[in-house]
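Protein chains: 2
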Amino acid sequence: MASPKYLTGDKPGIDAFIDQFDTFLFDCDGVLWSGDHLFPHVPETIDMLRKRGKQLVFVTNNSTKSRSDYKKKFDKVGITANEEEVFGSSYSAAIYISRIMKLQAPKNKVFVLGETGVEQELASEGIPFLGGTDEKLRREMNDDDFKNLANGSALDPDVAVVLTGLDFHPSYLKYSLGFAYIRKGAHFLATNIDSTLPNAGSLFPGAGSISAPLVEAAGRPPLALGKPSQAMMDAIEGKFKFDRKKACMVGDRLNTDIQFGIEGGLGGTLAVLTGVSKKEDFLAEGAKVVPSAYVDQLGDLVG
Amino acid sequence: MASPKYLTGDKPGIDAFIDQFDTFLFDCDGVLWSGDHLFPHVPETIDMLRKRGKQLVFVTNNSTKSRSDYKKKFDKVGITANEEEVFGSSYSAAIYISRIMKLQAPKNKVFVLGETGVEQELASEGIPFLGGTDEKLRREMNDDDFKNLANGSALDPDVAVVLTGLDFHPSYLKYSLGFAYIRKGAHFLATNIDSTLPNAGSLFPGAGSISAPLVEAAGRPPLALGKPSQAMMDAIEGKFKFDRKKACMVGDRLNTDIQFGIEGGLGGTLAVLTGVSKKEDFLAEGAKVVPSAYVDQLGDLVG
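Just so you know, the protein sequences line up as chains X and C, in that order. Mapping of the first sequence onto the working numbering: residues 17 to 319, in sequence order. Mapping of the second sequence onto the working numbering: residues 17 to 319, in sequence order.
Everything labelled a hint here was simulated from the structure, so no lab data went into it. Please note: incorrect hints may appear among the correct ones.
Any copy, or any two copies together, can satisfy a pair, since identical chains are not distinguished.
Only pairs whose alpha carbons sit at most 25 Å apart, straight line, appear in this in silico DMTMM-like list of lysine to aspartate or glutamate [what the hints assert, rightly or not]:
hint : residue 1 : residue 2
1    : LYS163    : ASP85
2    : LYS123    : ASP172
3    : LYS255    : ASP150
4    : LYS89     : ASP297
5    : LYS21     : GLU101
6    : LYS87     : ASP297
7    : LYS304    : GLU100
8    : LYS118    : ASP26
9    : LYS163    : ASP45
10   : LYS92     : ASP160
11   : LYS200    : GLU301
12   : LYS67     : ASP259
13   : LYS118    : GLU60
14   : LYS87     : ASP159
15   : LYS21     : GLU60
16   : LYS262    : GLU141
17   : LYS70     : ASP38
18   : LYS70     : GLU99
19   : LYS87     : ASP52
20   : LYS92     : ASP161
21   : LYS163    : ASP52
22   : LYS163    : ASP297
23   : LYS92     : ASP159
Chain X extracted, bound-state conformation:
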């Protein structure tokens, strides 16, 4: 496999690299910002790409935020972007359910383990849902719950899908409900299965960890609709209609972002070193996932 080209400080190299592509897909956290900290020269880099006529898509596995939540974040940190350019894993899951599964009402309800991001995107596609942020499900299980879940009377017969994202309010009742629906034959989907969530300079349990009780109890994994699942790439291509050979994925994680671009057959991938993966990870002998090029930080493209 060819070595990745190091572009920081190489203006002609940067220009030649950018000229190869019509479309740039960006991971957000670890690329544009870390939490509330915006990386240097990111707004200028985005503006430069827009001026050169590039199509931009912001692709995030964060399931807790909807596209409109993301738009607010872009506005707050000062990056020019519109809601339609954002493609999150919750939206990816909603599109998959509405446009690919095409379930017929009324047997099209989704039981959600997740936060408002999932709910808003399901609503935007007109998909009925239950669970999610319903505070009534944060209570203790009692003997009647056990009985009514066992005999099925506590279950909605129209639930066809269990969709798990990152839920900051897990409960034994929610897990029991999700498990009962899966046992009754519901499709099992996940917005994403990242095991950890970077925050405050440390790691916390991610969507893949918080949904693990359902995976363990059911004895099978969900279909994941976030990176690096190619179901997400298909959904992005379906919406944005770009030429994969003229598209580049930009990200900080080899095993999600860069792998996502390579497996999707994109023309190129660009790694940044402001997030999870280190250059040693892809420069090492025998590295499995290697980007086409890398920069120390995204802003080096205008640096």
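Following the hints, put chain C in place on chain X, whose structure we already have.
Quick look at chain C alone, frame taken from chain X:
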């Protein structure tokens, strides 16, 4: 592998089988009872074995109940037993921590994901603990929690072990605390890793499912102290001093109870068909876990 002997209705066969053993280890749920339903002739079977001078041990993976809780259950359903004959996975874990790990105070605290059964057994061995049923940990995570977990100020520096059992009150805060302690180097133990919990004639998430977020986030499994882990057999032998060749494990689950007895080198195993496994499971060609003998129900031994 020899076919298991079917003993129901075979009085001479039953007598010969019982005579081989001095000690009987019993699984409880699915063998003696199911929930609050006592199976027929169980008290008489237990009394018969006592009259014949057998040593009895009740071995359960249920981590939510302590030995004294179990004693109350035996009294309630009318089976003669004393607390010292009960050996649960919480007690097994407490013994492992106090007598095998032998951690030195003050660096011997245990962070618990579990219920009072775990706490009572840790207390009985004099092990300090936190987490568990502490209601303050059932609340929402806030930004300060993220920050204080990341910088370590929310962590007790004396925690040396994270012990997970079945917790009916999981929270993102508890999972984040457990994960943070594991990342800081705490030993990772589980009372048991049963993926499901039978209740009300159905299945619910078990200890192995509720602890799965920590396994997924940490990227490694805990040391499990319940069946079929041989750490539990060693602890039982250490306490009850029996001859393995003259001992028989009685249970309803092939992949926990029967496997536990076979891997422990016991003289025999007896399957009952009142629980999870069916006779087809061990009579099938190529079955991997096969008991020495089986009865339709435990009470058939006096039937």
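Going down the list of hints, with the structure as the test:
For a Cα distance limit of 25 Å, the shortest separation of LYS163 from ASP85 across copies, 22 Å, qualifies, whereas the shortest one inside one copy, 39 Å, does not. Taking the shortest Cα distances, LYS123 and ASP172 sit within 25 Å of each other inside one copy (10 Å), while across copies they are farther apart (49 Å). For the identical chains of this complex, LYS255 and ASP150 are neighbours neither inside a copy (31 Å) nor across copies (48 Å), given an alpha-carbon limit of 25 Å. For the homomeric pair LYS89 and ASP297, neither the shortest alpha-carbon distance inside one copy (30 Å) nor that between copies (56 Å) is at most 25 Å.
Taking the closest pair of Cα atoms, LYS21 and GLU101 never come within 25 Å of each other, the shortest separation being 28 Å inside a single copy and 68 Å across copies. In this assembly of identical chains, the alpha carbons of LYS87 and ASP297 never lie at most 25 Å apart, being 32 Å within a copy and 55 Å across copies at closest. Within a single copy, LYS304 and GLU100 get their C-alpha atoms no closer than 33 Å, and across copies no closer than 55 Å, so neither meets the 25 Å cut-off. When the C-alpha separation of LYS118 and ASP26 is checked against a cutoff of 25 Å, the pair qualifies neither within a copy, at 48 Å, nor between copies, at 58 Å.
For the homomeric pair LYS163 and ASP45, the shortest alpha-carbon distance between copies (17 Å) is at most 25 Å, but the shortest distance inside one copy (43 Å) is not. Taking CA atoms no more than 25 Å apart as the test, LYS92 paired with ASP160 passes between copies only; the shortest distance there is 21 Å, against 47 Å inside one copy. Taking identical chains as interchangeable, the C-alpha atoms of LYS200 and GLU301 are never at most 25 Å apart, the minima being 48 Å within one chain and 30 Å between chains. In this assembly of identical chains, LYS67 and ASP259 lie within 25 Å of each other by CA distance solely inside one copy; the values are 20 Å within and 82 Å between copies.
In the homo-oligomer, the alpha carbons of LYS118 and GLU60 never lie at most 25 Å apart, since the shortest distance is 41 Å inside one protomer and 59 Å across protomers. With identical chains, the CA atoms of LYS87 and ASP159 are at most 25 Å apart between copies only, with a shortest distance of 21 Å across copies and 44 Å within one. In the homo-oligomer, the alpha carbons of LYS21 and GLU60 lie at most 25 Å apart inside one protomer (22 Å), although the nearest pairing across protomers, at 78 Å, exceeds that limit. In this assembly of identical chains, LYS262 and GLU141 lie within 25 Å of each other by CA distance neither inside one copy nor across copies; the values are 29 Å within and 65 Å between.
Proximity of LYS70 and ASP38 under a CA criterion of 25 Å is satisfied intra-copy only: 5 Å inside one chain copy versus 80 Å between copies. Within a single copy, LYS70 and GLU99 get their C-alpha atoms as close as 17 Å, which meets the 25 Å cut-off; across copies the closest is 73 Å, which misses it. For a Cα distance limit of 25 Å, the shortest separation of LYS87 from ASP52 inside one copy, 14 Å, qualifies, whereas the shortest one across copies, 55 Å, does not. For the identical chains of this complex, LYS92 and ASP161 are inter-copy neighbours only, at 23 Å across copies versus 44 Å inside a copy, given an alpha-carbon limit of 25 Å.
Taking the shortest Cα distances, LYS163 and ASP52 sit within 25 Å of each other only across copies (13 Å), while inside one copy they are farther apart (46 Å). For the homomeric pair LYS163 and ASP297, neither the shortest alpha-carbon distance inside one copy (51 Å) nor that between copies (28 Å) is at most 25 Å. Taking CA atoms no more than 25 Å apart as the test, LYS92 paired with ASP159 passes between copies only; the shortest distance there is 18 Å, against 47 Å inside one copy.
In this structure, the hints that do not hold are numbers 3, 4, 5, 6, 7, 8, 11, 13, 16, 22, in rising order.
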